Every structure is written in structure tokens, then in C-alpha cells.
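Chemist: One letter stands for each residue in the lines below.
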Amino acid sequence: DKKQINKAFNSILILLNSFFHSFIFYCYSFVASQHHHHHHFISFFHFYTSHGYITFNLLISSRIEGNIYKMHTSSSNLKREFLKKWVRGLQICCSSKKEMDLQERKKKIKLCADIALASAKNATTSWSNALISEAKKDGENAILVDNLVGPESYFEPTKTAHRTTGNCHRRVRSKKILKKSCNVGQRFKKKMGPPRFDLATYVAKRLVKKRTQVLKRLVPGGEAMDEFSLIKEALDYILSLRVQVDVMRSFANATELLNQSHVSSIVD
Amino acid sequence: MSSRRSRQSSSGGPRITDDQIIQLVSKLQQLLPGTHIQRSNKASASKVLQETCNYVRSLHREVDDLSDRLSQLLSTIDADSPEASIIRSLIM
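Protein sequence lines, in the order shown, are assigned to chains Y and E. Going by my numbering, the residue at position 27 of the first sequence is 28; the numbering climbs one at a time, nothing skipped. Going by my numbering, the residue at position 38 of the second sequence is 22; the numbering climbs one at a time, nothing skipped.
It should be emphasised that the hints constitute simulated quantities derived from the structure, not laboratory data. Since we're looking at a predicted model, the values are computed, not measured. Each residue gets a CB set at the ideal place from its N, CA and C atoms; glycine is no exception. Some clues are possibly wrong.
[Unchecked claim] If you want the footprint, here are the derived chain Y segments under chain E, 3+ residues with CB under 8 Å: (1) 16 to 26; (2) 136 to 142; (3) 200 to 210; (4) 216 to 227.
Please put together the full structure from these sequences, using the hints given.
Modeler: In C-alpha cells:
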């Protein structure tokens, strides 16, 4: 597991560090004893141990912070990509005619935002692929999508389709196996006496199933995913939605500020 | 969550263990807004899923509201202001 590997690596670092420092210390003490430079030895010892302590701490903390930094840069990368693509999309959409009613303009803004978010993922997640293929179904969006997403060969839709149908077959087959084994179990249980019915587990399972169905409808492409992938995709989808909301909000605030400053300058 | 029997309803190839699912669910739980103190280990899977659905729905609604707000802002931009030309050159 990643955490265990990190821990092991950190402990190896500690060990190596201490060996290295003690080795240098030994060498220096040997040299110092030869030359009878005891006072220099003590100050050097202080300096060196503090220096070693600092480097050691830096090594450990940089490894820990490295992971946090990676997470932060990935979200800021996504923000940048999303903003670029969204602005490009708005240029394509809103350049045609300036007289649009509010609803139409709002729909275009939202559509551009969704497609920009999905294409900023670069076909790495299945929810983004599902969103893009859903948007492509509408002929009007074809130009927009092609411009934002790039050439067709970029992400292979056939592969994902195969994977999902493969999953579906496997799921259907394994559900049949599960049903058969349940039936066998029940026939056996009938001979043994009244079955032990755990109400809590039954209710819990039904609830989980119900909520999973709802989540499947919320995450794009969720209907074709098994539960494990669904949760993974939901994790990434939530993070990306946050990025979308942050960027859109900042943009709206900036536009409002610009508008207000203009209005106040006119009044003055 | 569900019992510890092997889950045959998952993908057939690599058997997904219950532990992996529990790990995922706890990661999901960390993302959700709410008091972090309470949500240590007590939240069941169905509750986490429900909170996830609510959160996704609220995020969708926020995007919708922001698109509304932006569309209003962009339509009321005065044509001749220098600021408007900035915005216009950016997105229109």
C-alpha cells in the first residue's frame, strides 16, 4: 500500500541519515584527535548535528509535502485548463449573434462549462468521456465539441464501450451464479429449520442499493459502471465539479467588479 | 456495510475486496462537507452515499446558478465601457 511504502521509505531515510552522520562524526573526531583541535571539534559538532537535523527534517517533510503539493498542482492545472477551454468555447458560442435571450445564453454558458471541464480531463476518466459522447449526440454541439476536445482519434470510444459491455456480461453472469448459489442455500436451509434473518443487514443492503442507483444517475456514464468504479468516478467527479464552481464563481465576481467600477465611474 | 462474503457482483477478473470498497467510501467521506469530527468512523456506507448524492446535486445547482448570474451580467454590459471591451474581447 502507498502509505506503507512511504513509511518504509521514510524510515530507511532516517536510518541512512543517522549512519551517514555518525560516519562523518567518527571521521572528524579521528582527524581532530590527531591534530588536538578540541575546541574546534565541539563547535563543529554542534554545527554539524544541527545541520544534519535540519536536512533530515527537510527530507522527510519534502516527501510528505511532495504529495500535498502534487495534489494542489493537479487541481490548479485543471483550473487553468478548464478556464482556457471554457473561454475558447464561449468565444465560439457567443460570437455569432449578440442578441440572445437570457435563457439561451445561460444554456450556452453552462454547456461550454461542462464540455470544457470534461475535455480538460484529457480522456483520463470515464465520466468525462461519457459526458463528451453525450454532448456529441446533439448535432448543434458538434463544432464546439470538436474544437474543444480535439481530433477524434484522441480518445478511443470503442475501447470504453467494449469495457462496459464486458463488465455488463460479467455482471450478468456473476449475478446468475449468485442467484443460483442463493437458491441452493435456501433449499438447504429449509431442511435445517427457520433461516436466521438479519434485518439490519437486509435494510442496510437495500439502502446502499437504493442510494447507489441515485448516484448512478447523477454521475455521467454511471449507469454502465459497477459499484467500485462508480465510487472512484464519483470521487474524481466531485473534485472536478469543485474546480468548475470555483473558476466560474471567480469569473462572475470579476465581471461584476468590472461592471460596478464602470457604473460608479459614470455616476461620478 | 455488506457482509464479508465474497462479492460476486463486482467485476469478474480481479476480485474487489470489501476493504478496498471501505477505503474508497472513507475517501469519499473526507471530501464531503460537514463536521469532520463526527464523521470519523460512524457514518455507514448508505449515509455516505446519500451525502454524496446531495453534494453532487448541490454542486450542479451551483453551476446552474452561476451560469444564470453570468448570463445576466454579460447581457447587461454597457457597450461602450473600456471594461466591457475587455470582457467582450475575452469571451465574445
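Chemist: Take the hints in turn and mark each one as holding or not.
Modeler: Hint check results:
Here the stretch 16 to 26 of chain Y counts 0 residues with a CB under 8 Å from a CB of chain E, which misses the bar of 3, and the coverage is violated. Coverage of the stretch 136 to 142 of chain Y by chain E is violated in this model, with 0 residues showing a Cβ closer than 8 Å to a Cβ of that chain against a need of three. Chain E is given as covering the stretch 200 to 210 of chain Y, and this holds because 5 residues of the stretch bring a CB closer than 8 Å to a CB of that chain, at least three being needed. A stretch counts as covered by a chain when three or more of its residues have a beta carbon under 8 Å from one of that chain; for the stretch 216 to 227 of chain Y and chain E the count is 4, and the coverage holds.
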